[in-house]
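Protein chains in written order, with the numbering used here: chain A, 1 to 307; chain B, 1 to 307; chain C, 1 to 307; chain D, 1 to 307.
The set of hints was computed from the structure by calculation and includes no laboratory data. Treat the numbers as computed from the prediction; the structure is a model and nothing was measured. Treat the hints with care, as some may be off.
[Stated by the list, open to error] Listed next, the in silico EDC-like pairs over lysine to aspartate or glutamate satisfying Cα-Cα at most 16 Å (straight line):
no.: 1; chain 1: C; residue 1: Lys171; chain 2: B; residue 2: Asp58
no.: 2; chain 1: C; residue 1: Lys69; chain 2: D; residue 2: Glu266
no.: 3; chain 1: D; residue 1: Lys30; chain 2: D; residue 2: Glu208
no.: 4; chain 1: A; residue 1: Lys69; chain 2: B; residue 2: Asp273
no.: 5; chain 1: B; residue 1: Lys173; chain 2: D; residue 2: Glu266
no.: 6; chain 1: B; residue 1: Lys209; chain 2: B; residue 2: Asp264
no.: 7; chain 1: B; residue 1: Lys19; chain 2: A; residue 2: Asp273
no.: 8; chain 1: C; residue 1: Lys131; chain 2: C; residue 2: Glu102
no.: 9; chain 1: C; residue 1: Lys131; chain 2: C; residue 2: Asp155
no.: 10; chain 1: D; residue 1: Lys69; chain 2: C; residue 2: Glu266
no.: 11; chain 1: D; residue 1: Lys178; chain 2: D; residue 2: Glu165
no.: 12; chain 1: A; residue 1: Lys173; chain 2: C; residue 2: Glu266
no.: 13; chain 1: B; residue 1: Lys173; chain 2: C; residue 2: Glu70
no.: 14; chain 1: B; residue 1: Lys299; chain 2: B; residue 2: Glu148
no.: 15; chain 1: A; residue 1: Lys173; chain 2: C; residue 2: Glu247
no.: 16; chain 1: D; residue 1: Lys19; chain 2: C; residue 2: Asp273
no.: 17; chain 1: B; residue 1: Lys125; chain 2: B; residue 2: Glu107
no.: 18; chain 1: D; residue 1: Lys216; chain 2: C; residue 2: Glu107
no.: 19; chain 1: C; residue 1: Lys125; chain 2: C; residue 2: Asp41
no.: 20; chain 1: B; residue 1: Lys19; chain 2: A; residue 2: Glu275
no.: 21; chain 1: B; residue 1: Lys131; chain 2: A; residue 2: Asp188
no.: 22; chain 1: A; residue 1: Lys271; chain 2: B; residue 2: Glu70
no.: 23; chain 1: B; residue 1: Lys69; chain 2: A; residue 2: Asp264
no.: 24; chain 1: D; residue 1: Lys173; chain 2: B; residue 2: Asp264
no.: 25; chain 1: A; residue 1: Lys171; chain 2: D; residue 2: Glu92
no.: 26; chain 1: D; residue 1: Lys69; chain 2: C; residue 2: Asp294
no.: 27; chain 1: A; residue 1: Lys30; chain 2: A; residue 2: Glu102
no.: 28; chain 1: B; residue 1: Lys178; chain 2: B; residue 2: Glu102
no.: 29; chain 1: D; residue 1: Lys173; chain 2: A; residue 2: Asp58
no.: 30; chain 1: B; residue 1: Lys131; chain 2: B; residue 2: Glu102
no.: 31; chain 1: C; residue 1: Lys131; chain 2: C; residue 2: Glu212
no.: 32; chain 1: C; residue 1: Lys209; chain 2: C; residue 2: Glu247
[What the hints assert, rightly or not] Residues from chain A shown here face chain C by an in silico Cβ test under 7 Å; the list is partial:
no.: 33; residue: Tyr174
no.: 34; residue: Pro267
no.: 35; residue: Phe268
no.: 36; residue: Asn272
no.: 37; residue: Asp281
no.: 38; residue: Arg282
All C-beta atoms in this analysis are idealised placements derived from N, C-alpha and C, irrespective of residue type, glycine included.
Protein chains: 4
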Amino acid sequence: MPTILGQNQYGKAENRVVKITRDGDTHHIKDLNVSVALSGDMDDVHYSGSNANVLPTDTTKNTVYAFAKEHGIESAEQFGIHLARHFVSSQEPIHRARIRIEEYAWERIVTSDGNSKFIGADEVKHSFARKGMETRVSQITYDGERWEVISGLKDLTVMNSTNSEFWGYVKDKYTTLKEAYDRILATDVSARWRYNWTSDEQRMPNWEKSYEQARKHMLQAFAETYSLSLQQTLYQMGSRIINSRSEIDEIRFSLPNNHHFLVDLEPFGLKNDNEVYFAADRPYGLIEATVLRDGVEPKVPVDMTNL
Amino acid sequence: MPTILGQNQYGKAENRVVKITRDGDTHHIKDLNVSVALSGDMDDVHYSGSNANVLPTDTTKNTVYAFAKEHGIESAEQFGIHLARHFVSSQEPIHRARIRIEEYAWERIVTSDGNSKFIGADEVKHSFARKGMETRVSQITYDGERWEVISGLKDLTVMNSTNSEFWGYVKDKYTTLKEAYDRILATDVSARWRYNWTSDEQRMPNWEKSYEQARKHMLQAFAETYSLSLQQTLYQMGSRIINSRSEIDEIRFSLPNNHHFLVDLEPFGLKNDNEVYFAADRPYGLIEATVLRDGVEPKVPVDMTNL
Amino acid sequence: MPTILGQNQYGKAENRVVKITRDGDTHHIKDLNVSVALSGDMDDVHYSGSNANVLPTDTTKNTVYAFAKEHGIESAEQFGIHLARHFVSSQEPIHRARIRIEEYAWERIVTSDGNSKFIGADEVKHSFARKGMETRVSQITYDGERWEVISGLKDLTVMNSTNSEFWGYVKDKYTTLKEAYDRILATDVSARWRYNWTSDEQRMPNWEKSYEQARKHMLQAFAETYSLSLQQTLYQMGSRIINSRSEIDEIRFSLPNNHHFLVDLEPFGLKNDNEVYFAADRPYGLIEATVLRDGVEPKVPVDMTNL
Amino acid sequence: MPTILGQNQYGKAENRVVKITRDGDTHHIKDLNVSVALSGDMDDVHYSGSNANVLPTDTTKNTVYAFAKEHGIESAEQFGIHLARHFVSSQEPIHRARIRIEEYAWERIVTSDGNSKFIGADEVKHSFARKGMETRVSQITYDGERWEVISGLKDLTVMNSTNSEFWGYVKDKYTTLKEAYDRILATDVSARWRYNWTSDEQRMPNWEKSYEQARKHMLQAFAETYSLSLQQTLYQMGSRIINSRSEIDEIRFSLPNNHHFLVDLEPFGLKNDNEVYFAADRPYGLIEATVLRDGVEPKVPVDMTNL
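Chain A with its partners taken away, still in its complex shape (with noise of 0.2 Å):
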């Protein structure tokens, strides 16, 4: 046979599980969206089709929604380490599994008013407004022996209205960019993490607290830096978490140019102070990197974006 089987793996993807934890009048969200993907002794099922190493797709599934009642949502990365240790201890033929987890968050909605002439004011303790600023991610993968977990969060769009620049560039015979010595810099930030915590042995992060501090940092790095250069703002968020985080020893950014080009209005006879700009869509300008603590070995994968 001249064609061999090379890295495989499957399981059920995107898992919506929604749980609701009482204290009480108090109702507490859990909104997650989960993807199993599992590797091992898989040959069989590709080269005959015999299932009898696979466990169906459909039980991953099952799995996880019968693990949010026997362990609850602690956080994302938690629930994901639940679940990769199951399959890979409980299954002999499975030897890695890799959990991704995107999480929506929801905020409380307030009757400020306090004086609802329908029900008392206390029923609010159940109604939630689901925030839509960024989404939350998470992958967790386990061989057995290590573990790795990626966090991180995308679609948190930013913009800082004024303090950036963009000149002294490399100029060829194709381009004619204009200097920028005052332009809108906005993107979406998409950013993963990578926490130094690989083995039950390790005293284990606070997740929630650990994702809540890093997406701080990164936030007010964004809008603190002078930038020069979204490569330069893109490096000084993340060296703010490596340097205030020490469970997080990598973090790789993938962060679009969202472009604002000044509407020029002098056919109209107008002069545009920095103030009327279009919103552009495509073609984008894109800006990648990795930033990590020295002497450590980069493990987040350089593709982000897809093919």
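Since the structure of chain A is already known, use the hints to place chains B, C and D on it.
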């Protein structure tokens, strides 16, 4: 000629305009997506291709950007009023202008520590993150005499994790649904309300405050209604707005019932005590209705979803 | 009570049904997305939450699947007619049913070599690839007496690479556009045509053939019209259908002008002789109009895009 | 400095270029979406914001359009090779260029009647409809010495309405799935194959023919395989390509299992004899694997879907 021309309109759609207003160091953002549709004496361009009455769509785009400078963007509604008045009053063949606007909200990035070592905390006066929650929408129509302003929002996802029931419904031979005495009620609110401001002689509403208040009442009614059906909740949301805001005469909702199905965990020996749900995508219930002030004639189009 | 209920409707939206019909070894696919909207005596459910008149949306979903078995799916229109008639005639509180259907087309996979060494060539009688071109749509409305059938298509992207001009238009102070004497004309056709079949006493059109012919005439008119404006092309597309198909009385189009801008290559010492274009996303011109048989009353809704 | 810069790349993404080639009256279209990513001596721009080594992303965009004129677009692959070679060879700080291209196919509009009364039938030589089926993709990488070309397609939706089974799988405590002896097998094919052309000294493949043939073999294998698992079908699709096309050494697939669930019609007294299916959206099985020529080293990235 056995065929004739019926209603027609044209213009430039989805002009993305971002306006930065500088109040000293503090910047303000208005981020709009503006679509222009013009109607009038347009038979010739359809029958023969003569453009003698056609103001180019490119010109309508330019006008959007020029007006952002000339008039500023006080509110989406006010901006649309400037545009609609201009097209109808300045172009003889144009008898009617309809301006549709989507508005995207931004919030300031907070650097709560305040002890940045890079740049002064003041700098965040120009740094923003885009709120992803709902999209605010508005439609302004003008025929040279009367105004019609319909405003609203879409994609505001809300959930009550209890206080919802569904029972006592019709059962026919195709009915298999089990009655529910405690279910999740979730929807993506799409609402359009019509203002009773129709003439330049009337005092114009405070568009920004009206939006904020209508949204608040709608959310409160959603949170506070003990629901026996999504229709009942819808009606409460609508009547709360009509009762609270005298400038609004009519509101139409399109509310998908975002089904959250309780997962059957019994095969795994587990009891699901309203804890673990599967959030389904399709199909979904879709509840649509108009609520209006007694005595007024409904004018918001019935079809908020399209064929 | 100062507020009242206006027009309202409800039902299950986006029921995805795939029907396989076996003609010996040869299989046939119908792949539909069916949305049900019912209206009638529904005041109580809005005012008090009483579901006594409410057939559950879940039941309307079940009916779609049961009818695919009981009646088969001869065409989207015929299937919608079965459903609409059922809801109105079997449920006393239901006075009006509106069925919307999207249909996705499939074509057989060709194994042209015919010398497969795995399985007989006959086997491809059950193998299909989904055509991605347009989505066929239909809306069937029934009030117990009269039928309204509106069919059409969306997302049919077409382009003429020449034979399009645009000049002789109005110039105001915001006009900067240069006249064009040879441009690309491209659009995503969205069309809805209304049949004059309205009663069970009339002979029903051949829905499948009518769709195929209307589509053909529309494409031919697009291809063969030397265009001085997209409006002119639109009118030709519509009148060709009305003139050729006596069963159709009215058609409405929503045609974005998919701008293809000639790239300025002069800065690089190159001449762009109508060769290299930038395909823009937003903004876009949007041309919408109804073409109808002389003497008939227009009924297709004006708004094919939503606020 | 405790943090360092890792892998990084930048460029303009999603440059939409449409090239019209005139062969007398007959026009030809190439419709591409081109993304450029450059790497090299880029430490300074990240650390200090100095753009001294940075060719602007705007220039990379201009180059795409200029090259469409200067070199034409013989194929996506050949166009990418021109671009990658240019950036690496003309810019000293650039050591590696990666060009990604999506290609959209068009077909000529047929006016089969041939008796148009408007304009001669010849005119359709410039009229096109966009085929919506799959999107062709390609990624060309060059480091100044070696080439890597990975091509493929995405969103090719296929279905076998029979000749698929699934049974004999592992059952654990979370398994509830019933075995299936005749099911629908449907997927959206996403495939990336790597060419063994790596050097200018080698004879270049015929990219257009190779794509067409690889696509054909893949579809045939899908249609002709009697499937006991989607993994088995995947392997047949891959090995058919490797065995038939000597220029291709490796192929990776990401195949969602587009579930079509047989609807239970028994509650309505109906028997569903593999006729009526519910086409589900989420969750879905996801099967991913590489098939490669024996002895070659796999290089196509494992992650075709992203975290």
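Broken hints, by number | 6, 15, 19, 26, 28, 36
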